[in-house]
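There are 2 protein chains.
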Amino acid sequence: MKNAVQNKYCSPEAIKRLALYLRGLKTLRGVNVKIISSEDITKILDVSACQFRKDLSFFGGFGKRGVGYEVDVLSREIERILGVNKNWPIALVGVGKLGGALLGFPGFSKFNLRILAAYDSDKKKIGKIVAGVKIEDVKKLKESIKEKKIKIGMICIPVERVQKVAEDMVRAGIKAMLNFAPVNININRKDVYISNMDMAAELESLIYFIK
Amino acid sequence: MKNAVQNKYCSPEAIKRLALYLRGLKTLRGVNVKIISSEDITKILDVSACQFRKDLSFFGGFGKRGVGYEVDVLSREIERILGVNKNWPIALVGVGKLGGALLGFPGFSKFNLRILAAYDSDKKKIGKIVAGVKIEDVKKLKESIKEKKIKIGMICIPVERVQKVAEDMVRAGIKAMLNFAPVNININRKDVYISNMDMAAELESLIYFIK
Chain A
1 MKNAVQNKYC SPEAIKRLAL YLRGLKTLRG VNVKIISSED ITKILDVSAC QFRKDLSFFG
61 GFGKRGVGYE VDVLSREIER ILGVNKNWPI ALVGVGKLGG ALLGFPGFSK FNLRILAAYD
121 SDKKKIGKIV AGVKIEDVKK LKESIKEKKI KIGMICIPVE RVQKVAEDMV RAGIKAMLNF
181 APVNININRK DVYISNMDMA AELESLIYFI K
Chain B
1 MKNAVQNKYC SPEAIKRLAL YLRGLKTLRG VNVKIISSED ITKILDVSAC QFRKDLSFFG
61 GFGKRGVGYE VDVLSREIER ILGVNKNWPI ALVGVGKLGG ALLGFPGFSK FNLRILAAYD
121 SDKKKIGKIV AGVKIEDVKK LKESIKEKKI KIGMICIPVE RVQKVAEDMV RAGIKAMLNF
181 APVNININRK DVYISNMDMA AELESLIYFI K
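Taken in sequence, the protein lines are chains A and B.
In terms of our numbering, the first sequence is residues 1 to 211.
In terms of our numbering, the second sequence is residues 1 to 211.
Hints are computed from structural coordinates only; laboratory data are not their basis.
These numbers were taken from a predicted model, which means no experiment stands behind them.
Beta carbons: idealized from backbone N, C-alpha and C, even for Gly.
A few of these clues could be false.
Claimed, not checked - Looking from chain B toward chain A, a few residues come up when the C-beta cut is under 7 Å (computed):
#	residue
1	Asp40
2	Asn184
3	Tyr193
4	Glu202
Stated by the list, open to error - Quick list of simulated restraints, FRET-style, between CB atoms:
#	chain 1	residue 1	chain 2	residue 2	range
5	B	Lys190	A	Ser37	18 to 26 Å
6	B	Arg189	A	Lys134	41 to 49 Å
7	B	Glu39	A	Arg161	21 to 29 Å
8	B	Asn32	A	Ser37	41 to 49 Å
9	B	Val31	A	Asp72	48 to 56 Å
10	A	Lys64	B	Val31	35 to 43 Å
11	B	Ser11	A	Lys128	19 to 27 Å
Same shape as in the complex, but just chain A (with noise of 0.2 Å):
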């Protein structure tokens, strides 16, 4: 197998694909598939054949001709290029009904993903643990995120105080952050990328398609 080339120009896309078939992968490896034909798999990820040669081709070549693809391999390989072959500590911020399904939320561990801390601004809320983690204050954010060195956010809180708690999740060090209001966040700066779960975009643009 050649070396995977880290290009940093690959597309947001390119690499939410990856993440995808990386859990493809790992559906696999949990029914102890070991080697997989690029027919099969393309088949179980649901994308063309060409497109995810394409996608594996900017990071080296990962298959063998007329072999396929060794399942652990692949995605211990999809992995390292993600980066989420180590731990990421995340903060997150309302734990509403939204946010404390999230922090109870098994798909995370798998994927080592672990949300460290959780922030509201409810006093009866405050201090107390949920899903093994303690609700802080959010007035001490700034400060907790520092201390714990944690880059990734999760934003569930109401539309109107989402821009200033971003703002302050972006002083404390927060690098990435998924924003469950459905509002745009407005961050100049090209180190910090938000990625918007907005779960009725998300449904209008499917009605499009079905009305």
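Chain B: place on chain A using the hints.
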């Protein structure tokens, strides 16, 4: 204003952007902004002016040269293009922590989206009312969705049951699905649209950019 021409070859990405534009326009409407320049609007929406114009031009022209955009008119037009100017009922399968949070999620109703039916396999949950919705037995999902003529579904159940439930939903008439489980759904039908809200994959792709 030209009549909006529906072009069915518009890409899913462009449609998703339209939904996000609508989000920003609704925020502006909420703070009583009536008219906005194309410069300001693209700054707020965090999109390049060229991209914004291109997306809109696909459906006809909406701005007035030298005046800008009427917030009200443009949001109504985008709502019409997306098809979200009428109510769309939603069926939710799985009323665990995440499903329960989605049931009460305030972000949906603002956008004419309403969870009208919810299903679970847990006998302790069946019959209970959560956020105004009575939880039904997942065994009756097919008949119930058919009867209610629901076209949109949300899946919040453990990975191993997702494929079977998704197939049942499609048989009952579901045409669009938001899947919150970290697994790919295989439905080989051109008239069914599936969108994965894979939070772990989203985080993983962010990690690539900050690592």
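For each hint, the structure was consulted:
Hint on Asp40 (chain B) is violated. Least Cβ distance to chain A is approximately 12 Å, over the 7 Å limit. Interface restraint check for Asn184 (chain B): the shortest CB-CB distance to chain A comes to about 5 Å, inside 7 Å, so the restraint holds. Checking Tyr193 (chain B) against chain A by beta carbon gives a least distance of about 5 Å; that is within 7 Å, so the hint holds. Because the smallest distance between the Cβ of Glu202 (chain B) and any Cβ of chain A comes to about 5 Å, under 7 Å, the interface hint for this residue holds.
About 25 Å separates the C-beta atoms of Lys190 (chain B) and Ser37 (chain A), a value consistent with the hinted range of 18 to 26 Å. The given range of 41 to 49 Å is respected by Arg189 (chain B) and Lys134 (chain A), whose C-beta atoms sit roughly 47 Å from each other. Here the CB-CB span from Glu39 (chain B) to Arg161 (chain A) is close to 27 Å, well matched to the stated 21 to 29 Å. Asn32 (chain B) and Ser37 (chain A) have their C-beta atoms about 59 Å apart, which leaves the hinted 41 to 49 Å range violated.
Checked against the hint of 48 to 56 Å, the pair Val31 (chain B) and Asp72 (chain A) passes, with Cβ atoms roughly 53 Å apart. With their beta carbons about 59 Å apart, Lys64 (chain A) and Val31 (chain B) fall outside the hinted range of 35 to 43 Å. Between Ser11 (chain B) and Lys128 (chain A) the CB atoms are about 45 Å apart, so this pair departs from the stated range of 19 to 27 Å.
The structure fails to meet hints 1, 8, 10 and 11 from the earlier list, while all remaining hints are met.
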